[in-house]
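Number of protein chains: 2
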Amino acid sequence: MSSTTGGHRRGKAVRDNVLTAALNELLNVGVDGVTVASVAEAAGVHVTSIYRRWRTREQLITDAVLSHLDPLSIDVPDTGSVRDDLIALLASLDESMSSPQNWALLRLATMPIEIDRLEEARRRITDERMTEVATILERGVARGEISPHVDHRLALEAMYGPVYARRLLTHEEVDEAYLAGLVDLFLDGIRAR
Amino acid sequence: MSSTTGGHRRGKAVRDNVLTAALNELLNVGVDGVTVASVAEAAGVHVTSIYRRWRTREQLITDAVLSHLDPLSIDVPDTGSVRDDLIALLASLDESMSSPQNWALLRLATMPIEIDRLEEARRRITDERMTEVATILERGVARGEISPHVDHRLALEAMYGPVYARRLLTHEEVDEAYLAGLVDLFLDGIRAR
Chain A
0 MSSTTGGHRR GKAVRDNVLT AALNELLNVG VDGVTVASVA EAAGVHVTSI YRRWRTREQL
60 ITDAVLSHLD PLSIDVPDTG SVRDDLIALL ASLDESMSSP QNWALLRLAT MPIEIDRLEE
120 ARRRITDERM TEVATILERG VARGEISPHV DHRLALEAMY GPVYARRLLT HEEVDEAYLA
180 GLVDLFLDGI RAR
Chain B
0 MSSTTGGHRR GKAVRDNVLT AALNELLNVG VDGVTVASVA EAAGVHVTSI YRRWRTREQL
60 ITDAVLSHLD PLSIDVPDTG SVRDDLIALL ASLDESMSSP QNWALLRLAT MPIEIDRLEE
120 ARRRITDERM TEVATILERG VARGEISPHV DHRLALEAMY GPVYARRLLT HEEVDEAYLA
180 GLVDLFLDGI RAR
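Line by line, the protein sequences are chains A and B.
Residue 189 in numbering that gives the first Met the number 0 is what sits at position 190 of the first sequence, and the numbering runs on without skipping anything.
Residue 137 in numbering that gives the first Met the number 0 is what sits at position 138 of the second sequence, and the numbering runs on without skipping anything.
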């Protein structure tokens with residue numbers, strides 16, 4: 000084994016070590032509590048050897064989260080009714096936010112930082128969510144429940160936005176009654192008929 | 000003047016000084032960049048005399064923002080059409096987020112901190128927004144445009160949620176076409192008719 004390969008292997012061991020320590024810290028103290036110093040201590044490395052690999056605290060956390068990401072896809076419900084499918088989908092979205100990794104990703108997304116891997120993960124997650132919503136809406140169109148002219152992307156944002164707002168801003172409860180109310184509003188609109 | 004009053008006046012002068020410095024820092028570097036050390040330096044006081052008055056960085060920022068809050072109420076548009084009123088209202092909401100103080104309040108709300116004054120401000124702002132939405136919807140009901148059975152609170156969240164999600168999470172543009180699309184979805188729903 001050449002010394003370069005040995006150095007590379009040691010480098011990878013340090014890297015894995017630091018990422019695992021960062022993830023543990025994240026699970027213990029939350030995304031706002033993780034410091035480079037506490038990760039360095041837990042990993043048994045010097046702070047400078049972390050800063051050599053990750054320029055900022057946020058980049059370290061992003062890599063730690065993305066190296067151990069929970070499953071991104073949600074089982075698409077198929078109850079035979081668009082209303083019940085959408086309520087179940089919103090409940091799954093909300094449930095997915097209770098995972099510490101997914102929650103950390105969401106909190107990182109609210110921070111004024113630019114991290115390519117984070118942006119890439121955000122796009123991948125949005126694509127997953129788009130596919131799920133599109134599947135449900137297309138089934139609804141095929142059954143004659145739903146207008147064929149709905150913009151799927153707008154539909155995704157209109158339904159998910161209020162759930163994100165409760166979790167991120169108002170911290171109010173997200174229960175089935177709330178989700179059913181949102182879906183009914185979304186299906187029927189508010190016009191007098 | 001008794002020495003107690005003098006002490007009280009000096010205390011208030013320090014307090015005002017620190018809050019002004021904190022607000023300036025906030026405007027310069029954003030809510031994530033403000034540190035107690037930089038505020039202390041700008042205010043010409045010792046860090047400990049800040050921590051004597053504010054237990055945490057976040058409490059200091061909250062007090063700084065709330066001591067110089069931009070107007071909370073938005074002029075309620077009255078165009079004669081619910082659709083145009085709602086688009087204008089969402090545009091005002093979005094515009095209000097471009098104020099550094101309002102933006103700081105919003106970012107503070109996403110942080111896992113509990114600050115009574117922040118919670119109180121959030122409630123006051125929600126009440127303002129509720130009154131505005133209710134005024135527009137009630138006019139719409141009176142003109143026969145809108146169903147009288149709409150839950151105003153749910154309507155508020157359904158319309159505002161997607162705008163907050165763009166600003167806080169995806170950082171995508173919020174333009175008039177986007178807002179009009181949301182309002183049309185909200186008015187008409189997605190059911191086949």
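Take the hints with a grain of salt, since some may be wrong.
[Said to hold, decoys possible] Here are some of the chain B residues that sit facing chain A, going by a computed Cβ distance under 8 Å:
hint: 1; residue: 12
hint: 2; residue: 27
hint: 3; residue: 107
hint: 4; residue: 111
hint: 5; residue: 141
hint: 6; residue: 143
hint: 7; residue: 163
hint: 8; residue: 184
hint: 9; residue: 188
No wet-lab data here; the hints were simulated from the structure.
Here the structure is a predicted model, which is why all the values come from computation and not from measurement.
Using N, Cα and C, we set each Cβ at its ideal position, and we do this for glycine too.
For this structure, which hints from the list above don't hold up?
-> Result: hints 1, 2, 3, 5 break, sorted rising.
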